[in-house]
Amino acid sequence: MRIEWWLLLSVYALSTGILFLIPKNKIRLATVAFLFKQIITFLIGLVVVELELLEYPVRLFASINRTSFTYEYYAFPVTCAIFTVWYPHNRRIFIKLGYYITFTSILTLGEVIIEKNTDLIKYIHWEWYISWITICLSFYLTRTFCTWFFAKPED
Amino acid sequence: MKIEYFILAAMWIFGFISFILFIPRKERRKGFLALMIFQAFIWLCDMPSFKYGLLSAPVREFPKATDLSITINYFFYPVMFSIFYVKRRVRGSAWARFKYFFVWISVLTLFDIGIERYTDLLEYGYLTWYGMWIYIGLLFCVSQVCCNWFFKDKAFFQAERRET
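Those sequence lines, one after another, are chains C and B. With my numbering, you'll find the first sequence wraps up at 155, consecutive numbering, no jumps. With my numbering, you'll find the second sequence wraps up at 164, consecutive numbering, no jumps.
None of these hints come from the bench; they were simulated from the model. Ideal Cβ positions, reconstructed from N, Cα and C, are used throughout, including at glycine. Errors might be hidden in some of the hints.
Covered by chain B, according to a simulated footprint, are these stretches of chain C (three or more residues, beta-carbon under 8 Å) [unchecked claim]:
1. 34-44
2. 49-57
3. 67-80
This is chain C alone, in the form it adopts within the complex (with noise of 0.2 Å):
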């Protein structure tokens, strides 16, 4: 089997693995993330693809999809849970802003290693640093939505 399948089948493996970290009382939170970012993830990653602007020459769904099923659809929705999960809420600014960067910073080095060396992901049109900030901002507009999701109904 190549390089690539394993990956994918690690990758699987891993976000199962973090799914057991999301503590049992934050599960409807973490739903929310996690099906929020999916709706951001799926329109963004055809819209990149339509515009060849980044292609995945190993994939699920080859013959129907041309986008990363794996890591659109369960991989980053899977992140973001966590991110949300484990947000740092009651702390201060600037711990809440490394927290964006650290989980911004981790995500962008792996999909920059992933693009160097194996097929999974090929650059195009495409740099680190656009990834780095549709990446923070996805992460941002998913907490945005959370908030507002479990806030106090106003009436």
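Start from chain C and add chain B according to the hints.
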């Protein structure tokens, strides 16, 4: 412009208007959650269905990126489910609830069949009309069970509110 694109645009406009119109302000969270859960399931089920030729979408929004239909999967059916979920009567008899479910599924299936027959937006492969009925019914059932789980415990939901 082809008729298909008009129908796609109509689905977006009609979907937006009905989401705003039929989902009261107080229930908007419920509506969003139902929409998102249905969307997650329909993507997951449509991937293998399209791959193994149950159905296909000859005219679609992102022909290069995916063979799936975005408007239907991403927006229109999730909005329909969301309205179905918010508008359903929780305290009705089992028969009334079944009728409600039956009518919704049947109307959506009719719509789907109409699109299949008269436009190129959808094309059934191995799928038959009753297959589609069962398919939509299953998606509705599973999504409803998940939504019910989410809103099952009011106290729990409130506790999580403070945690955000």
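Problem set entry | Structure versus earlier hints - violations, ascending order | Failing hints: none at all.
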